[in-house]
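These protein sequence lines are chains A and B, in that order. For the first sequence, the residue numbers in my numbering are 70 to 184. For the second sequence, the residue numbers in my numbering are 5 to 117.
Some clues are possibly wrong.
[Claimed, not checked] Facing chain B, according to a computed beta carbon distance under 7 Å, are these residues of chain A, among others: (1) P108; (2) G111; (3) V157; (4) F159; (5) T172; (6) E177; (7) V184.
[What the hints assert, rightly or not] Now the stretches of chain B that chain A is said to cover, found in silico as 3 or more residues with beta-carbon under 8 Å: (8) 17 to 25; (9) 106 to 116.
[What the hints assert, rightly or not] Pairwise CB distance ranges, derived in the manner of DEER restraints: (10) P108(A) <-> A49(B): 15 to 21 Å; (11) M112(B) <-> R99(A): 29 to 35 Å; (12) P165(A) <-> P44(B): 25 to 31 Å; (13) E96(A) <-> I16(B): 36 to 42 Å; (14) I16(B) <-> D125(A): 23 to 29 Å; (15) P87(A) <-> E30(B): 33 to 39 Å; (16) S152(A) <-> H80(B): 29 to 35 Å; (17) S116(B) <-> V121(A): 47 to 53 Å; (18) E96(A) <-> Q76(B): 40 to 46 Å; (19) D57(B) <-> G85(A): 33 to 39 Å; (20) S59(B) <-> S138(A): 26 to 32 Å; (21) S76(A) <-> P56(B): 33 to 39 Å.
None of these hints come from the bench; they were simulated from the model. Just so you know, these numbers come straight off a predicted model, no measurement behind them. Don't be surprised by glycine CBs; every beta carbon is placed ideally from N, CA and C.
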Amino acid sequence: DAGITQSPRHKVTETGTPVTLRCHQTENHRYMYWYRQDPGHGLRLIHYSYGVKDTDKGEVSDGYSVSRSKTEDFLLTLESATSSQTSVYFCAISAPDRGRGNTIYFGEGSWLTVV
Amino acid sequence: QQQVKQSPQSLIVQKGGISIINCAYENTAFDYFPWYQQFPGKGPALLIAIRPDVSEKKEGRFTISFNKSAKQFSLHIMDSQPGDSATYFCAATSNSGYSTLTFGKGTMLLVSP
């Protein structure tokens, strides 16, 4: 358990509406990530953050924005949801692994359906 | 673009058999190679990981074999059990885990009783 909480866990929304997914961590990790998972594509990075107010784009960032005003919270916003954004969204953090160095741990996911 | 190619897409193995999943990468800057296991409705969970200074790492029934010159690594699940049925993802990153992960597309493993 990496202390990651995602909310909401499930959401159905209409095309064109804004949606915000929240990721909350309890262990003060610096790096946080948002991935989406789709059949046939695996996990793809949307945005990531390396500190408060420090964010960068990933592989599939179009249509998404992020914000990190506090270490513990990383928000993913779909400004105007489209059906192509129907997906499972995973938040992740970078933390020490069982050996040396760091690895990435995932939350439980947020299932988003855009109708 | 950085890529990690994973095969096969799906795999059926009999209980007690060996499951083998292969991955290949292109970026020689990658220095950390984790494998994740994902059950339906759950997030991916770190299973085992390796760094390129060793050719093999074993944890219980799970072994990673790493071939640096070929830029390939594989996951072996010995004595496969029905409870191992899940989707497995290989991944790679550089900078010892502080960079972003690049994932393979996943392998759905089914271990038949």
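Hints breached by this structure: Of the numbered hints given earlier, those the structure breaks are 1, 3, 7, 8, 14, 16, 18, 19 and 20, listed in rising order.
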